[in-house]
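> Protein sequence lines correspond, in order, to chains A and B. Letter 115 of the first sequence, counting from 1, is numbered 115 in our numbering, and no numbers are missing. Letter 24 of the second sequence, counting from 1, is numbered 167 in our numbering, and no numbers are missing.
One or more hints might be untrue.
As the list claims (entries may be wrong) - Covered stretches of chain B, as calculated for chain A (at least 3 residues, CB under 8 Å):
no., region
1, 181-189
2, 194-202
Claimed, not checked - Counterexamples of contact, computed for chain B against chain A with all Cβ distances above 12 Å:
no., residue
3, Met144
4, Leu149
5, Asp156
6, Gly159
7, Glu214
Because the hints were derived from the structure by calculation, they are not lab data. For every residue, glycine included, the Cβ atom is placed at its ideal position computed from N, Cα and C.
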Amino acid sequence: MAAELDSSFRLSDRPLDAAAVLRDLHDATDGAVACFVGVVRGESRGRRVERLEYEAYGSMAEREMAKIFAAMAERFGVRRARVVHRTGVCRVGEPSVVIAVAAPHRDAAFDACRYCIDTLKRTVPIWKREVYEDGAEWIGDRS
Amino acid sequence: MRVRILLFAALRDRAGRSELDLEFEDGATLGEVRAELERRFPGLLTRSRAAAAVNAEVARDEDVRLCEGDEIAYLPPVSGG
């Protein structure tokens with residue numbers, strides 16, 4: 001008797017607009033919308049970051065996100081979410097990922113949002129490359 | 144049979160290419176593909192702790208037999224978000 005999933009994921013090579021993602025999720029039936037925005041930091045492990053570059057394995061990222069959305073529905077009853085992740089060059093201070101999750105009440109919204117970003121970071125085939133003044137490095141197994 | 148290999152991120156940079164098509168005997172295993180890549184790019188996969196995905200699904204069993212047209216991706220540890 002599962003209600004239909006209204007959760008979507010997409011990649012974007014343009015700057016993200018968190019407000020637009022939230023507007024897309026607006027619905028009168030949900031009393032809570034939780035939002036997570038990942039932001040590019042200007043410093044990483046003691047080095048000054050000039051920019052990040054993101055790369056994705058698109059078809060697999062879609063599949064892994066679909067599994068995350070299914071788990072969000074099963075564990076938290078959350079069936080409405082939007083996830084947008086950058087690809088390409090992302091400047092310091094810009095959002096790298098926006099996650100918006102809607103639910104009737106806040107407990108499920110917060111929990112599902114947390115679960116979403118935690119699991120994305122573990123399982124979705126996206127990679128970031130940190131570019132410094134004096135070099136660049138692909139980041140693996142830590143963020 | 145022909146399979147397509149995809150390389151991402153640090154693997155792509157080190158190998159100098161993002162994809163290659165390889166020919167194998169019918170029924171070749173994932174392990175044989177890995178061995179062939181090690182032959183062409185020594186140290187590439189072992190140095191980076193790359194995971195394999197077959198047709199966009201993580202594949203841990205190196206004995207799995209591949210099919211014509213399979214897409215095998217090698218994925219360094221991910222760092223999205």
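> Are the hints correct? Go through all of them and say.
Hints, one by one, checked against the model:
no.: 1; hint: 181-189; verdict: violated (count 0)
no.: 2; hint: 194-202; verdict: holds (count 3)
no.: 3; hint: Met144; verdict: holds, 21 Å
no.: 4; hint: Leu149; verdict: violated, 7 Å
no.: 5; hint: Asp156; verdict: violated, 7 Å
no.: 6; hint: Gly159; verdict: holds, 15 Å
no.: 7; hint: Glu214; verdict: violated, 8 Å
Of the numbered hints listed earlier, those contradicted by the structure are 1, 4, 5 and 7.
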